[in-house]
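Just so we're aligned, residue 14 is where the sequence shown starts under my numbering, counting upward by one.
In case anyone wonders, no lab produced these hints; they're calculated from the structure. Among the hints, a few may not be true.
[To be verified] Pairwise CB distance ranges, derived in the manner of DEER restraints: (1) Phe46 with Trp156: 32 to 40 Å; (2) Leu34 with Thr65: 27 to 35 Å; (3) Ile202 with Lys169: 20 to 28 Å; (4) Gly166 with Phe32: 23 to 31 Å.
Quick reminder that beta carbons are idealized off the backbone N, C-alpha and C, glycines included.
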Amino acid sequence: MALTSNDFLQMSPLFIAVFMLMTSMFNGDVKGFVWLGCVIVGIVLIIFLGNTKLFKSEINDCQKAPAIIDLFSNYPNLSVSTFFIVFTLTYLILPMYQNKDWNYYVIVGFLAMLVTDTLFKLRNCTKPIGIFSGFTLGAFLSWISYLIIQTAGGDKLLYYNTISSNNIYCSRPKKQQFKCYVYKNGEIISTL
């Protein structure tokens, strides 16, 4: 079976997942695994919503491209791949916004993936409301995930761009106390 460009377009969420997890493994942190946990929770919610009457739809008169992964093409009224791309983009942009430290290459790359995915989906039976609902739910659930992690004090579990910043990055591991002695002529005259 030869892979076509349509096959690669369908697999963009998998490429994103592999990239995020490999980056996390190479950096020796758990950020990618935290992101993956949030995405999995989001996709479970998306599947649940996709099976409700609100999003369920029969596909008629539509020439659907063969799907490599059915999950990404089963819901014409709710695009799972759009959800996945927008969730990840929002998850990465929120820390950039907070620190006013933008990684334009990441933003442009994800926007290009989103546009390509949207065009592919519109040609292959996903309705515009499906793109819109995937986009909206992806941004919203990513924002909720970001707030939960940040509120719980998990700033180290979020993707912050510390390399391109000129800001000093430091942290205090724990509160410490110091004892000082003041000497005069070899004798302690006070303790602070």
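Going down the list of hints, with the structure as the test:
| no. | hint | result |
| --- | --- | --- |
| 1 | Phe46 with Trp156: 32 to 40 Å | violated, 20 Å |
| 2 | Leu34 with Thr65: 27 to 35 Å | holds, 30 Å |
| 3 | Ile202 with Lys169: 20 to 28 Å | violated, 44 Å |
| 4 | Gly166 with Phe32: 23 to 31 Å | holds, 27 Å |
Of the hints listed earlier, those the structure fails to meet are numbers 1, 3, in rising order.
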